[in-house]
Amino acid sequence: MAGGDVGVTHVAATSLKQAVEVSGGVAPGPGNASTSAIARVATNVANVLLLALNVGRIGATFQNNSTTNLFLKLGAVAAIGAGVESFTVRMVPNAYYEVPFGYTGIIDGIWDGADATGEVLVTELTV
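My numbering puts the first residue of the sequence shown at -7, with every later residue one more than the last.
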């Protein structure tokens, strides 16, 4: 097994140096995105698909360019209302959201006002 030196700096700016034995491997990240696709999804007071499942997805962003809250769900069927809430994040008007942790599943959304106008800009990043 190969060893190496690792420098560690304490918060109080004290410098330590100690040999550390490393075993196993480092799993590569998901890679770099080489393609982006932007879609506009109009406001809707019923559940709407924002992104379909895509195993090639590296990331996704959402920009709520609407006049009301967008309730976004990492999963199927976003819902709002007393006793039926099912969403991941509430995006106020003009809010921005990045999908965390390499999530590649379906993403749904629903807006909370019948008088809502505008859209969400959806950017999906893939290899």
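Warning: the hint list may mix true and false statements.
Pair by pair, the computed Cβ-Cβ distance ranges are [stated by the list, open to error]:
1. 109 / 26: 22 to 28 Å
2. 119 / 76: 18 to 24 Å
3. 119 / 73: 37 to 43 Å
4. 25 / 75: 35 to 41 Å
5. 73 / 25: 33 to 39 Å
6. 119 / 75: 40 to 46 Å
7. 41 / 84: 20 to 26 Å
8. 27 / 107: 32 to 38 Å
9. 88 / 27: 18 to 24 Å
Calculated directly from the structure, the hints in this document are not laboratory data. Beta carbons: idealized from backbone N, C-alpha and C, even for Gly.
Structure-based check of all given hints:
no., hint, in the structure
1, 109 / 26: 22 to 28 Å, "34 Å, violated"
2, 119 / 76: 18 to 24 Å, "37 Å, violated"
3, 119 / 73: 37 to 43 Å, "38 Å, holds"
4, 25 / 75: 35 to 41 Å, "39 Å, holds"
5, 73 / 25: 33 to 39 Å, "36 Å, holds"
6, 119 / 75: 40 to 46 Å, "41 Å, holds"
7, 41 / 84: 20 to 26 Å, "22 Å, holds"
8, 27 / 107: 32 to 38 Å, "36 Å, holds"
9, 88 / 27: 18 to 24 Å, "21 Å, holds"
In terms of the numbered hints stated before, the structure departs from hints 1, 2, listed from lowest to highest.
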